[in-house]
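J.: Protein chains in written order, with numbering that gives the first Met the number 0: chain A, 0 to 532; chain B, 0 to 109.
I should point out that these hints are in silico values taken from the structure, not numbers from a laboratory. Please note that a few of the clues may not be correct.
Said to hold, decoys possible - For the chain A half of the interface with chain B, some residues (derived, Cβ under 8 Å), not all of them:
{"hint": "1", "residue": "59"}
{"hint": "2", "residue": "403"}
{"hint": "3", "residue": "417"}
{"hint": "4", "residue": "419"}
{"hint": "5", "residue": "428"}
{"hint": "6", "residue": "435"}
Computed from a prediction, not measured in an experiment: that's the story for all the values here. Yeah, the Cβ is synthetic: ideal placement off N, Cα and C, and Gly gets one too.
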Amino acid sequence: MEKRQKILIVDDERFNINVLADLLKPNYKIMAAINGKQALKAVQSDSPPDLILLDVMMPEMDGHEVCRKLKADEKTRDIPVIFVTAMGGESDETKGLDIGAVDYITKPISSAIVEARVKTHLSLRQQTRDLQEAKALIEVQKDRMQDELNVAKNIQLSMLPQDFPAYPDHDEFMLHASMEAAREVGGDFYDFFFIDEDHLCVCIGDVSGKGVPAALFMAISKTLIRSRAKNDLSTASILTQVNDEIDATNEAAMFVTVFLAIINIRTGNMLYTNAGHNPPFIKRSNSTLECLGSRHGPVIGAMDGMTYKEDKTLLAKNDLVFLYTDGVTEAFDSESNLFSEKRLADLLSLRKYVSVEDIINSTVSEVNRFQGDAEQADDITVLAIEFLGQPKGKPVQNLIITIRNSFSEIDKVNQRFNTFADYCGIPKTLIQKVNIVFDELLHNIISYAYNDNKEHDIIIELEFSGNRLSIAITDDGIPFNPLEAKKPDTELSLEEREIGGLGIHLVRNLMDKVSYKRQVDKNVISLTKQIQV
Amino acid sequence: MEIQTRDTNDIKVVELIGKLDTNTSPDAETHLNKLIKEGVKKILVNLEKLDYVSSAGLRVLLSTNKQLQSTSGLLRICNLNEVVQEIFDISGFSSIFNVFSTESEALNDF
């Protein structure tokens, strides 16, 4: 049952009070006061009236005076006041309304009019209260939303490396990047980090959606990429795993476009995978502009169980790789023209830039200039890396040997390696140690990595640079890690069985670093040995 | 790999020339087993002309040693080069085998 609203009737004549009271009693609670002083006291009570019917002509304090006092007090200001009086001229009415009354009823009163006016003004009063409450709620929500936007922005900013120059100690490359967030955070990110001494990983991405969910998803994606890349030198393999992991936890059907590259900063080899992202540009040292257009799979997080591919390109001295998100190409001006890929391509190829910082800053300011007054719709993210080639005096030698999976081929490997090693000036003792390593590992692989009787290729990649020899042995057999395998021959005595691990023990001791990785569908063993000069 | 044998008194000196790895170990094993079957009790394996040995080669030497021991025979090894010595050290075989730097030292130990 709704609470009955309360009406205060103020009149110096009891008779008038009673007339009004009798009229209104059936529907409202009634309070009465016979002079101004009493009226003011009544409104200060614990349950003030919802409406006041106020006589004007009263001794000591007239109605106008009472009304002024009521309107001056914050607590009573909002209670609607209706003057009830014999004074009926227009100027009287106006005066009353000016003082702050909401209406004016002339005596002799008409019951119907009094009832109607009371009802109307009480209803108006209620509506006003409701509106004020709603407005307060909206303010709170607005503040909360603004806080959320700040949270999202803070998440995004805190996750992106912002310290430039990024690697002042490295003279093999120069790198610069920038991310300008839209008002509503769009989930763009970039990242760069070293996987090992020779391999720099660089990536850029764009999460679907906006606000805090996008910022959180961006944080997850970026972290997963970093963590998977720790043990993996294949961009296809990294993104394949990241995709599987993201899909498993992704109930919001969010996805992220990613371009991931791993650059060997000694050789300039760049391995890359594009998962639905804007194709990056390479500005070659001769100023030609190349677009890396191939796609190696869908956006990350869209489909379970995808296997991503990868491509290679070789960076020569002063080649520059330019990564960006669609915040650049899809920026629009106040006439809804798009910045477009063509404009970006022209910008990159037609101008001369003095540094990576220059190209980044120029691009960003061009986009801002193009945008003009139009609001920035999406995060604008760009990253540029210029390959500077070999530091002086450190030439690189490479060799790839491919053999069949048969024991007789092991000699071939050693012969070709010996020639290569002689050419590189590798000392004889190390050559012999590597021969032993090849003997142990290749024998194991050929014996245990295949469960069919088919011919398979085993690929041995060699690199010698900076007095360091790096070897990678890749086979396409079943998942098999020779570094862990023990010879399964149980007919050997305990002593003889222990020798099963002997070969691997030798390998580990003859080389500086030995590791195994399963990359998509291949086994890869990596070894390095630093030569003390 | 080439195998050359000669006799010094009642000691069979077996020279392994080249490398002792998974491909060449079977030959060495066959040869040494034959000697033991023929009744040879004292074998000196001279590795002066051996470039390197892998785990397969170590296994052959171990097996030869055990067979000789079971017939109360003796196995000695001499003239290890730098790499082979390192392999013996890493594998712990330096402590299992009687290893000598020169042939004459080894011959005196029988």
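J.: Check the structure against each numbered hint from earlier and tell me which ones fail, lowest number first.
T.: Of the numbered hints, 1, 2, 3 and 4 do not hold.
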